[in-house]
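Protein chains in written order, with the numbering used here: chain X, 4 to 254; chain Z, 297 to 522; chain E, 2 to 663.
Rather than coming from a laboratory, the hints here were simulated on the basis of the structure. A virtual CB, placed ideally from N, CA and C, is assigned to each residue, including glycine. There could be a bad hint or two in this list.
Claimed, not checked - Computed, partial: chain X to chain E, Cβ under 10 Å:
| id | residue |
| --- | --- |
| 1 | L13 |
| 2 | V15 |
| 3 | G25 |
| 4 | T29 |
| 5 | K33 |
| 6 | I53 |
| 7 | C71 |
| 8 | D101 |
| 9 | G102 |
| 10 | D124 |
| 11 | L152 |
| 12 | A164 |
| 13 | I168 |
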Amino acid sequence: MSHGNMNLTLKVWKQKNKNEKGRFETYDAKGISPDMSFLEMFDVINEQLISSGKEPIAFDHDCREGICGMCSMYINGRPHGPKQGITTCQLHMRSFKDGDTIVVEPWRSAAFPVIKDLAVDRSSFDRIMAAGGFVSVNTGNAKDANNILINKDDADGAFNAAACIGCGACVAACKNASAMLFVSAKVSQLALLPQGQVERKSRVLNMVKQMDEEGFGNCTNTGACEAECPKGISLENIARMNREYLGASFT
Amino acid sequence: MSQNSGFLGSSIGKKIIMGATGLFLIAFLVVHCFINALIFFNDGGLTFNVGADFMAHNWLIRAGELVLFAGLILHIVQAFVLTMANKKARPIGYDKIDGTANSKWYSRSMGLLGTLLLIFLIIHLAHFWVKSRFTGLPGEDANGHENLYAVMQETFKMFWVVALYVLAMVSLSYHLMHGFQSAFQTLGLNHKKYTPLIKKAGMWFSILIPVIFSAMPIAMNMGWIK
Amino acid sequence: MASSPKLNSKIPEGTLENKWTKYRSTVHLVNPANKRSLEVIVVGSGLAGASAAATLAEMGYKVKVLCFQDSPRRAHSIAAQGGVNAAKNYQNDGDSIYRLFYDTIKGGDYRAREANVHRLAEVSGNIIDQCVAQGVPFAREYGGTLSNRSFGGTQVQRTFYAAGQTGQQLLLGAYSALQRQVGMGAVTLLARHEMMDVVNIDGKCRGIIARDLISGKLERHFGHAVLLCTGGYGNVFYLSTNAMGSNATAVWKAHKKGAFFGNPCYTQIHPTCIPVSGDHQSKLTLMSESLRNDGRIWVPKKAGDTRNPNAIPEEERDYYLERRYPAFGNLVPRDVASRAAKERCDAGFGVGSSKMAVYLDFAANTERYGKIQANKLGLHNPSKDEIIRLGKEVIKEKYGNLFDMYKQITGEDPYELPMRIYPAVHYTMGGLWVDYNLMTTVPGLYALGEANFSDHGANRLGASALMQGLADGYFVIPYTIGDYLSEEIRTKSIPTDNEAFAKAEAEVQERINKLMSIKGTKSVDHFHKRLGKIMWDKCGMARNKEGLTLAITEIQKLKEEFWKDVRVTGEANEFNPELEKAHRVADFIELGELMCKDALDRNESCGGHFREEYQTAEGEALRDDDNFAYVAAWEYKGEGNFELHKEELKFENIKLAQRNYA
């Protein structure tokens with residue numbers, strides 16, 4: 004297989020499972036094409052590892068077009084690597100130079116235990132959603148869609164918050180492994196819409212309670228989450244959630 | 297943090313306490329700075345001592361002082377609790393972190409800056425507050441007010457003290473640079489129009505207050521004011 | 002032609018408009034107390050799976066949901082860009098249920114079941130209502146009402162959208178509803194679980210064998226009914242717009258356990274995808290159909306022209322879609338646009354380093370928008386540069402995210418150079434054969450969404466996949482499942498130590514052992530790529546008898562080689578993505594063979610199935626309604642043997658006609 008002419012050194016976290024201790028392993032990535040995506044480079048390395056009888060590197064990935072939120076590599080000290088506004092799968096090798104050493108680690112958070120190598124368990128996000136990230140409307144109860152009029156600003160605001168793909172880069176980027184950006188995006192989306200008003204207070208209380216129980220850290224407003232979010236979810240959402248929480252706690 | 301029991305036990309509740317006490321301390325800084333700046337009348341401390349005397353003996357101020365200490369302690373304790381929880385939230389750290397790519401160093405170093413400020417504060421209190429409130433001051437000024445000004449002059453003769461104060465004010469500046477706007481964010485006081493204003497005001501505040509504070513020991517040490 | 006006696010489509014009596022209403026009002030019900038003891042397994046958590054699971058749980062059934070991803074929110078429905086159709090007629094442009102029904106049947110080249118499609122059109126409006134009630138942030142007008150746009154193959158504006166992320170927003174809506182039920186304990190969620198086989202007892206589907214992908218342990222799950230909502234099988238082609246994990250294992254296992262496979266050869270090749278850049282390529286990225294509104298497709302008139310596209314003068318460009326189909330131009334349906342691109346590239350007019358691409362050029366419309374914008378701003382005699390600058394701003398507002406995505410992947414700036422695009426496998430219209438109730442030929446086993454064959458005939462229209470997935474999950478299965486489960490209220494939960502479960506698990510275990518023990522020399526991906534190449538070359542956009550016959554033997558050989566020489570690293574009792582892939586690819590190989598057999602058997606061209614032997618003088622698809630107006634439902638008859646059963650398609654409300662876009 005001929006690919007390209009970049010040669011790189013990779014320092015990758017290897018960990019057999021949740022219970023065993025991990026360590027870094029070094030791999031040579033030879034003949035990498037600048038047109039490859041970062042994950043395709045991993046495909047190439049894995050293919051080489053398999054053909055030499057070694058175990059490939061496990062990593063999460065699925066859609067490979069930046070929308071499913073499954074890929075999750077912490078590359079050279081940043082979630083999803085050196086570029087802004089993209090996921091790991093959208094990162095291409097032309098963002099690196101021949102001869103670079105690249106350090107690849109899993110998301111680090113007590114609430115995201117490592118499953119194997121670079122794959123982590125993000126089911127804590129699902130549990131937070133189950134605690135309140137919804138509008139309680141059973142199928143068949145809806146009135147005609149245009150009976151609910153929503154001004155464009157609120158609709159756009161809700162949409163921007165709803166763009167979250169739940170990848171967890173915010174947690175990975177945060178020095179405290181806080182999940183505030185993720186949680187606030189959902190709280191904001193529904194707080195901005197008339198459909199979300201009925202459960203507005205219980206939603207924020209329950210979601211924050213679950214977030215705390217999962218063992219995420221606390222928000223200290225460094226803004227790293229916003230800067231690293233591949234979907235540009237804004238810190239405004241965190242302020243809104245704080246407001247919602249304060250309001251729900253004292254009224 | 298594993299348990300969330302009510303507002304004060306929750307992560308957001310704790311942060312709101314941090315933000316609220318932070319803003320309260322910022323308010324105190326304004327008062328403190330204003331009264332201290334009275335030395336710049338350069339009248340041998342006469343005006344300043346009026347203020348200092350008032351602050352030391354007015355019962356309302358003394359009561360407020362208790363609240364201030366309570367706020368300060370709450371701020372410190374809460375910071376400690378949060379830091380412990382945050383440590384627990386990431387038991388295994390990263391090998392490589394490119395923090396500058398996504399945030400400001402001082403935003404990531406609030407704990408360190410705060411600790412430096414705490415050390416400074418202890419020294420600072422020993423220099424002035426303990427003397428003013430407990431061990432007593434060296435006599436009165438020409439107007440018959442307690443002469444805290446004299447203590448200042450005495451203290452700031454030492455170069456290391458001045459250096460320490462200036463360094464502490466640099467820490468304060470960065471602590472405020474993050475803390476001022478962060479407090480508003482934490483309290484949910486966020487608005488398309490006003491948030492940029494708050495950020496700008498916060499920046500100026502974070503520069504001006506420490507500069508004024510630093511000017512005092514420097515001016516006294518250099519003998520610019522007598 | 003009469004339908005095979007093995008295929009009872011259970012289409013209700015009555016006029017087309019009344020079938021569903023009447024059926025819904027007369028179908029057997031299950032009382033609330035009984036629902037609590039009836040268990041339903043839902044495999045897959047995309048639009049169909051999540052919506053079905055949430056709704057069934059709301060109704061009181063005990064539901065289990067499995068997904069192979071780490072969270073149900075990641076199912077590949079999330080990647081749908083354009084929108085969801087619904088016959089709301091909010092734009093007052095003459096839309097109606099009948100029109101949506103008609104467009105869908107015609108778009109599918111008259112190879113879909115009338116009753117199903119009409120039901121789909123009927124419930125389409127409810128989908129929008131339901132999603133809005135859940136808080137799905139659809140695009141809106143300044144007055145606060147919902148916004149619509151138009152899509153290929155229709156003359157009305159009936160597509161609801163949320164920027165270029167409609168699939169994501171709809172899925173997150175269904176996922177929210179699902180998580181709500183999980184939180185209430187009504188749904189048991191099994192993420193990172195893959196279905197390995199179905200378990201039939203006394204002729205009825207009674208559960209599944211699943212593998213916990215983290216521990217590698219095999220699990221037995223009982224269900225009174227099992228719903229397969231596992232999406233399509235486009236990844237048979239290796240390169241497709243599907244997610245890396247999208248697979249056919251669940252439907253294929255069901256097929257081998259008695260579920261007939263409907264129209265396996267119907268695959269949709271989407272015309273506007275980013276071309277392959279090298280043999281490292283792992284997947285293809287779609288560029289939304291909406292780009293064809295403002296992009297003009299062309300190739301150089303001279304074969305092998307390697308000049309920079311901007312240096313090729315207007316008169317030396319061949320806008321072949323506008324030339325061949327003046328009435329629809331660049332907005333012909335997907336199958337037509339794809340074939341036309343292939344035709345030009347095969348004839349040597351392709352562009353780019355691979356020569357397997359055509360240009361999608363926004364320059365003309367950039368200029369047009371620039372002029373309009375200049376007028377709006379009251380600029381008189383703006384310079385050409387000024388016009389282009391203004392035009393680019395308009396284009397950026399409309400397609401900015403897509404342009405960014407393109408630039409990220411190719412390294413080329415589409416504002417300066419035309420995009421290079423080529424067709425790619427996108428969707429599979431075929432799937433498990435289901436009756437009107439969405440039940441397969443195995444009682445108690447259902448297939449929903451892309452996993453079934455039912456609504457799109459031989460070609461799916463844009464923005465109809467989301468509609469179908471949600472229709473099946475929210476509004477069809479909750480009613481139709483009652484028809485079966487009402488008869489099951491006396492069936493107690495079958496303990497999973499039952500011998501049928503034990504046997505099925507042993508078979509799965511045996512297969513895992515086999516895969517792990519081969520220890521051959523070639524990776525799973527190696528075989529997958531080879532399968533993909535065979536399928537793409539011989540069962541792709543154009544097919545012929547000779548190629549298909551050859552493909553079948555090649556696939557059979559590949560299968561043999563796979564089972565002799567594949568190398569699966571790691572161990573079976575741990576998180577092992579290689580083992581997961583091996584299972585999936587083994588199934589893709591078998592399914593690929595059936596696809597070729599079906600394509601070979603269908604001696605006509607229709608929709609996405611284009612047989613070179615059957616075309617008009619102009620090179621258009623030539624249907625044979627007299628002999629092929631049927632659903633091909635294949636029965637598995639053991640190792641590489643399949644028996645064809647036909648379900649006759651009766652068109653009582655629509656007159657069959659040759660599709661004409663010229």
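Verification of the hints:
1. Of the supplied interface hints, the one on L13 (chain X) is violated, with its beta-carbon coming no nearer than about 16 Å to a beta-carbon of chain E, more than 10 Å.
2. A distance limit of 10 Å between C-beta atoms decides the matter here; for V15 (chain X) the minimum to chain E is near 15 Å, and the interface restraint is violated.
3. With its C-beta approaching chain E no nearer than about 14 Å, G25 (chain X) sits outside the 10 Å limit, and its interface hint is violated.
4. Hint on T29 (chain X) is violated. Least Cβ distance to chain E is approximately 19 Å, over the 10 Å limit.
5. Violation of the interface hint for K33 (chain X) is found here, the shortest Cβ-Cβ separation to chain E being roughly 13 Å, above the 10 Å cut-off.
6. Contact between I53 (chain X) and chain E, as hinted, is supported at the beta carbon level, the nearest pair being about 5 Å apart and thus within 10 Å.
7. The interface hint given for C71 (chain X) is met, as the beta carbon of that residue sits about 4 Å from the closest beta carbon of chain E, less than 10 Å.
8. Against a cut-off of 10 Å between C-beta atoms, the interface hint on D101 (chain X) is violated, since the closest Cβ of chain E lies about 16 Å away.
9. Hint on G102 (chain X) is violated. Least Cβ distance to chain E is approximately 20 Å, over the 10 Å limit.
10. The beta carbon of D124 (chain X) comes within 7 Å of a beta carbon in chain E, closer than 10 Å, and the hint placing it at the interface holds.
11. The beta carbon of L152 (chain X) is positioned within 10 Å of a beta carbon in chain E (closest approach about 3 Å), and the interface hint is therefore held.
12. Annotation: interface hint on A164 (chain X) holds; nearest CB of chain E at approximately 8 Å, less than 10 Å.
13. Hint status for I168 (chain X) relative to chain E: holds, with the closest Cβ pair at about 7 Å, below 10 Å.
Hint compliance for this structure: hints 1, 2, 3, 4, 5, 8, 9 are broken, all remaining hints hold.
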